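Below, each chain spelled out in residue letters.
Number of protein chains: 4
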Amino acid sequence: KNHSLNGYRKSCWYEEEIEENLRWCFALNSILHTGASQFQDIALLDTKPFGKALVIDGKLQSAETDEFIYHESLVHPALLYHPNPKTLFIMGGGEGSTAREILRHRTVEKVSMCDIDEEVVDFCRSYLVVNREAFCDPRLELIINDARAELESRKECFDVIIGDLADPIEGGPCYKLYTKSFYEYTVKPRLTRNGIFVTQAGPAGIFSHTEVFSCIYNTLKQVFKYVVPYSAHIPSFADTWGWVMASDVPFCLSAEEFDLRMKQRIKGENRYLDGKTFASASTLSKAVRTSLENETQVYTEGAARFIYGHGRQNQD
Amino acid sequence: KNHSLNGYRKSCWYEEEIEENLRWCFALNSILHTGASQFQDIALLDTKPFGKALVIDGKLQSAETDEFIYHESLVHPALLYHPNPKTLFIMGGGEGSTAREILRHRTVEKVSMCDIDEEVVDFCRSYLVVNREAFCDPRLELIINDARAELESRKECFDVIIGDLADPIEGGPCYKLYTKSFYEYTVKPRLTRNGIFVTQAGPAGIFSHTEVFSCIYNTLKQVFKYVVPYSAHIPSFADTWGWVMASDVPFCLSAEEFDLRMKQRIKGENRYLDGKTFASASTLSKAVRTSLENETQVYTEGAARFIYGHGRQNQD
Amino acid sequence: KNHSLNGYRKSCWYEEEIEENLRWCFALNSILHTGASQFQDIALLDTKPFGKALVIDGKLQSAETDEFIYHESLVHPALLYHPNPKTLFIMGGGEGSTAREILRHRTVEKVSMCDIDEEVVDFCRSYLVVNREAFCDPRLELIINDARAELESRKECFDVIIGDLADPIEGGPCYKLYTKSFYEYTVKPRLTRNGIFVTQAGPAGIFSHTEVFSCIYNTLKQVFKYVVPYSAHIPSFADTWGWVMASDVPFCLSAEEFDLRMKQRIKGENRYLDGKTFASASTLSKAVRTSLENETQVYTEGAARFIYGHGRQNQD
Amino acid sequence: KNHSLNGYRKSCWYEEEIEENLRWCFALNSILHTGASQFQDIALLDTKPFGKALVIDGKLQSAETDEFIYHESLVHPALLYHPNPKTLFIMGGGEGSTAREILRHRTVEKVSMCDIDEEVVDFCRSYLVVNREAFCDPRLELIINDARAELESRKECFDVIIGDLADPIEGGPCYKLYTKSFYEYTVKPRLTRNGIFVTQAGPAGIFSHTEVFSCIYNTLKQVFKYVVPYSAHIPSFADTWGWVMASDVPFCLSAEEFDLRMKQRIKGENRYLDGKTFASASTLSKAVRTSLENETQVYTEGAARFIYGHGRQNQD
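Protein chains in written order, with my numbering: chain H, 4 to 319; chain A, 4 to 319; chain L, 4 to 319; chain G, 4 to 319.
There's no promise every hint is true.
Repeated chains share a single entry, so a pair holds when one copy, or any two copies, can fit it.
Okay, derived cross-link-like pairs now, DMTMM-like style, lysine to aspartate or glutamate, Cα gap no bigger than 25 angstroms in a straight line [to be verified]:
(1) K51 <-> E18
(2) K113 <-> E214
(3) K113 <-> E173
(4) K183 <-> E159
(5) K270 <-> E23
(6) K183 <-> E173
(7) K62 <-> D120
(8) K62 <-> E20
(9) K55 <-> E20
(10) K51 <-> D120
(11) K55 <-> E214
(12) K279 <-> E296
(13) K62 <-> E18
(14) K51 <-> E214
(15) K179 <-> E296
(16) K279 <-> E112
Just so you know, the hints here were simulated from the structure itself, not pulled from any lab data.
Values in this document were obtained by computation on a predicted structure and should not be read as measured data.
Just chain H, with the same shape it has in the complex (with noise of 0.2 angstroms):
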């Protein structure tokens, strides 16, 4: 009979094309919601190599048995550099890990958390059990909007900035908020003096890091003094997975101050990350370090420089 259900199992498979070359595959024990909104498609899948698996436009975007990966990552360093983060705005972070990870800092008194797709937001708070109590924690405040249109209305600045978007696809949704004019007329002066802004990056592997982690990092170094590029091989993504935090405060904290501080803030236990994964992590390999300075690449709005040109062509 356990045979049998094998049989049975190994018959539905979820599979995504990483590259167009390349695909990866999960035996699926169910589908368990599927969804639409305005923007995007939305599918909870039962995966059996990864647990409950999150799947929007066809992209698996995290899944139970390791996202702790990625958003543990995300979060801690950013939050853990800082001396004392009270406020924190994420842009996007539907999915509520990224606010449930923030939520679990000592010191955070409110977190605004701002994604576009309302259905997306309802979808997760439906059905994604470990970010239940992250959802009705009070000091979260939720807003369905543009991120950059919502930083842009507000006056009063964060201490950490997270960016929890899709890639920097050119014409892609989310590419206006990975530019230098974005990071530097409307993310910096929404941070506090000692505020730092992460963001994650993409794919950051030996060959896909050149896709957009090194152009996310030079962007980033001509806005900010300091920048810290980082990265974790995250199974579920077939790849290893980047982050880059910046601030114009230097980043000087040793593995052991680095832990003493998750112990004093942080409740419960990381899975993942401490100083020692961090310092591992934070030291990128020969081939992408050396990839990462000869960069020279920054993501400009092409439209925004086009009306200034226009501008100046008015003034004439």
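Following the hints, position chains A, L and G against chain H.
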């Protein structure tokens, strides 16, 4: 938006290894229900190319869009060749579709359907909407038992006995229900004088017919005077399928008489089968016809033969 | 060791999307040859389930183990119904198998095979061992040209014209070779008095026949007095395939006469086709037969009509 | 035309079941060579995402585009930590890439490479162009033998012994070459006084490290005073991979000293590894580090233990 919907929908696939080196894959909308009995695993999938699909132990049993080809072919020829079929016995058939087609015949007074797996029957009764009416028909008697034990325990005879069982794989669950001795000593004695036996007979493609179709045909030829093999291509099976009909009275019906009886006896319209279709289906291609005539293997039950030998030895 | 061989061999697969939501996959032994012409990509694969397979632009064209079904069905009925076929014209057919089957007929004196793609012809001549003899037959005249241009440039008539072309997809390379005007003004004038035209006619399965089969049938009905559609299941295509034969003289041949002519005229034995097989193949199932009779669409050549209209306008 | 080329190229796939429920698939350009030895099946594939790929028994061994990560990691740390490595012994390594990396070290005088499978060695020597020079280097001694038998037959000692073998699957071909008794009684006696042993140690991902990595680490800890586990993400393996280095002298080298020795001793430039990279690679994440420290299993050779017991019983 449409684009992304398609993108998502193609992420999940049902995959069946038809042979070790041949795969057949359907894009999935959802996995509707899954269950397990003491004998087998059951699933109802919603597939994009073939609608709802019943899968048992990782093998497609029938698909919404084309199961009518299988079930019309299994049921109607035998019932139409019979002068006045009133009492029927189905070996297997737990899905309910065979009963559904039988119950469309106005002559039918009693259908005894005998399936060994109560959970499969309950699963199909619950989820296969198209067979709900059949499951409620007062002419249907549902028995949970081994078909051989049941037939052997019966005193009455049936006008038509229908085999709707898994293929005769040696060591498989149904092998014994395809043997010469079973046909001779169990089935034939339970047929009325004009009685007809018909059975599904596995794949009947130009290569695949040697797996079991030719041997079932040859085995029935040892027991009945008149034996008619026929076949039809079933798209969701990615193959041509076979059935064999057998009796001790000759099968004499022109296509026109076939159509006339269809009209007189069957409620509603067939979608696939009529007189001409059956004429075509029962005229096999040169390759398959020759191969069937040259088949020499007969399914026998090793154990039974051993007992006879043993008996004779005892007489010495 | 055997085990590991199988293990290895199942690592490489040929995969074809038969429809957007339906995949058909063969385990590969090797990729024998690949090439590209100005029109298309060509590959010869060694597959485990179906032997050597010719693939053009990612679509299976024919497979070693069952191409005889397609080519016997395409060639022999038309040539057998014709009283004495001497001169033949093949539109397409670069693979060489259609010529091979024609050249088995003792009556044949000249076969003109006109394919547009020289590289495909060269590729097949080099690698398809089974057709080598045919390519060397002195009765074969090979022309590299557009079949329409070639037919229009010819003065002589042919006893049988055979269409062995890609399906009539709108905007596709062969659409114009399936239109009413092409049949009426180009094909028919090049047929002798008893001449027969036959064409492959795409998938003819219970669902797939509406793609092009029914419409090719209906288009030919507008041009010829007698039109015979027929079909056969081809395992490697995962579908039933269709052909349509058309003439202005009736098709009258009993299965016995068919078999007799086969014996008299064809060298060697057919594997698939004989009189009974053709009787069955040309008796379509109720579903397909009804659908063909109800078809109203006729393939017309938009561009051609526009040109005529334009011409008349110019005359005004 | 480009479009169709892509269309074609995506028709053929290499597929590996990384685990029972996880598949990893590469589009294929071609199957370059296949072969079989008395032990295993061998294939060289040309894949689109990772170039030429060596596959043994259906498992990817190394891929052209990223094998440098594996082989630089396996070879250089041990050779750089050693004060002056002259004599080397490779267990396995028939592919030739491990020898190639070793032979880049100017200090090296003799490399004994001992692989059990002559056909694999011949296959790689013939087809892996990148290792041709190494196979011809006069410092390379190639032995076809079981690595244990060979080591036990040797009298001399080696500065570095390198294990480049298949994973220790119980009952698998290499299990005995990962046991405590093998390390203690066969490997260690054949190391010079400052000698270093290093072995590939299987997958080292956040979940997969418990398969064999943690146990190889713990087994080596029972035999050597100083043991260093380290890991790196290898894209074509869809996982992070592990190695363990062991010695009775401590491993003391700063990243700068590591880089300096690299420069002095190694011909050409490393692509992946330098001092910082190794510092990162040998600092495991919290999850893996904790799990390694808590590992209690030791690989032992059941048979050997039984013989000892049997001996003692005989003494009674």
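Hints versus structure:
no. : hint          : in the structure
1   : K51 <-> E18   : both (13 angstroms within a copy, 16 angstroms between copies)
2   : K113 <-> E214 : neither (34 angstroms within a copy, 43 angstroms between copies)
3   : K113 <-> E173 : neither (33 angstroms within a copy, 54 angstroms between copies)
4   : K183 <-> E159 : within (21 angstroms within a copy, 63 angstroms between copies)
5   : K270 <-> E23  : neither (42 angstroms within a copy, 37 angstroms between copies)
6   : K183 <-> E173 : within (14 angstroms within a copy, 47 angstroms between copies)
7   : K62 <-> D120  : within (16 angstroms within a copy, 40 angstroms between copies)
8   : K62 <-> E20   : both (8 angstroms within a copy, 21 angstroms between copies)
9   : K55 <-> E20   : both (19 angstroms within a copy, 20 angstroms between copies)
10  : K51 <-> D120  : neither (28 angstroms within a copy, 27 angstroms between copies)
11  : K55 <-> E214  : between (28 angstroms within a copy, 23 angstroms between copies)
12  : K279 <-> E296 : both (24 angstroms within a copy, 15 angstroms between copies)
13  : K62 <-> E18   : both (9 angstroms within a copy, 20 angstroms between copies)
14  : K51 <-> E214  : between (30 angstroms within a copy, 18 angstroms between copies)
15  : K179 <-> E296 : within (23 angstroms within a copy, 46 angstroms between copies)
16  : K279 <-> E112 : neither (28 angstroms within a copy, 38 angstroms between copies)
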